[in-house]
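Novice: Here the protein sequences line up with chains A and B, keeping their order.
Last residue of the first sequence: 171 (the numbering used here), numbering continuous.
Last residue of the second sequence: 1193 (the numbering used here), numbering continuous.
Hints should not be assumed to be uniformly reliable.
What the hints assert, rightly or not - Taking lysine-lysine and the DSS-like style, the derived pairs with C-alpha atoms no more than 27 Å apart in a straight line are:
#	chain 1	residue 1	chain 2	residue 2
1	B	Lys1090	A	Lys141
2	B	Lys1113	A	Lys141
3	B	Lys1116	B	Lys1060
4	B	Lys1060	B	Lys1084
5	B	Lys1113	B	Lys1090
6	B	Lys1090	A	Lys20
7	A	Lys142	B	Lys1113
What the hints assert, rightly or not - Every beta carbon over 12 Å from chain A, so not counted as near; a handful from chain B, in silico:
#	residue
8	Gly1069
9	Asp1081
10	Lys1090
Unchecked claim - Chain A stretches covered by chain B per the calculated footprint, using a threshold of three residues with CB under 8 Å from any CB of chain B:
#	stretch
11	11-23
12	36-44
13	50-64
Honestly, the hints are just simulated from the structure, not real lab data.
All C-beta atoms, glycine included, are put in the ideal place defined by N, C-alpha and C.
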Amino acid sequence: MGGYLVIITVSGIVAFGLVKGVKVFDAFLEGAREGLYTAAGIIPALTALTLCVSALRASGAVEALGQLVAPLIGMAHIPTETLPLMLIRPVSGSGALAVLQSIFSSCGPDSEAGRVASVMMGSTETTFYTITVYFGSVGIKKTGCTIPAALTADLTGMIIASLTVRLLMGN
Amino acid sequence: MMNYIFAAMIIIAAVWGIVSGNSADVSSAMLESGISTARLMLTVAGGMTLWSGIMSIAEKSGLTDIIAGIIRPLLRIIMPDLEKGSDAEKYVCMNISANILGLGNAATPPGIKAMKAMASQNRCPDGRPSGEMVTFAVLNTASVQIIPATVMTLRSAAGSADPGGIMPCVWISSVCALTAGLLVCNVLRRSNE
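Please take these sequences and the hints and turn them into a complete structure.
Specialist: Below you can see the structure in the form of structure tokens.
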């Protein structure tokens, strides 16, 4: 199913652009260049966070934490392996990428943990960064109920992630 | 904040590794992290370059405007105090539709303009944000997007048999997350009034 969605999106966008008279190749190059700059921009943070994440995993601290809270997240049927991702996701986008990658290499992308982690990553944002950027731009420091609301959204997304993976992907 | 998080993670890893006798593993993980970053970097950069290219075609062919037209009526429900036809409304629509297409870079400039337009209409005293501003920030922290491009690229690179199979789950989860966020927003605001 996912395969069709990708084919339809890519070919649909190119065909729609062509119909609308867009110079599709030039538009692609322009966007791709921007994407390359964005990617280059996150490389230093990605390096720093990969260092932390791999060292933490190797030390056994992540596993110990996982065992500690396993009963709690087990109630929501969330795989324990995704706990580090849940903790780092709202704080650091690069850190979340590093954790996601480590879940893929230890459990596999098509394992239950790998799928749930993928859905968690795709359905949430770097909450604290986003709030800083938007409220910072207008000089507001008191953010009211923004952080509780945004963190509730993240937690809901993560619980629903494991629920949908179990129901829709037969894990 | 990242300074403390970075330092804490490194120090915990070092102390825990040495105390629990995993110091050899920790040191090799530290050395090898550079190599695994290089691999991750290539994957992420390649994916971002590819999808930014595709989404740039979508943007130039007016897909962003079409999505903005679809979300405008929905916006009436989520942000009822947003003035119809105002600049703030226009920028909010541009920001949301760019987010839906996964154009993070293109979403931020209109997002900041929307925030500034709403701030100029803000009547709340002592530097507090208006309800619309809070709702708008929550909208941006819940990532509602059609193509979770980076995740799919990483899945594909990790050898997944169906990298895009997670898409429906992502759609459902992000819409549920957004709904929960907006509900909490509303309840908290009412209890404060």
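Novice: Hint by hint, say whether it matches the structure.
Specialist: Against the structure, the hints:
1. B:Lys1090 / A:Lys141: 25 Å, holds
2. B:Lys1113 / A:Lys141: Status holds; Cα separation ~18 Å.
3. B:Lys1116 / B:Lys1060: 26 Å, holds
4. B:Lys1060 / B:Lys1084: 25 Å, holds
5. B:Lys1113 / B:Lys1090: 10 Å, holds
6. B:Lys1090 / A:Lys20: Distance ~23 Å between B:Lys1090 and A:Lys20 Cα, so the pair holds.
7. A:Lys142 / B:Lys1113: The hint holds at about 19 Å.
8. Gly1069: 15 Å, holds
9. Asp1081: With a cut-off of 12 Å, B:Asp1081 remains clear of chain A, as the shortest Cβ separation is near 15 Å.
10. Lys1090: 17 Å, holds
11. 11-23: holds (count 7)
12. 36-44: holds (count 6)
13. 50-64: Our answer is that it holds, as 13 residues pass the Cβ test (under 8 Å) against chain B, meeting three.
When each numbered hint is compared with the structure, no violation occurs for any of them.
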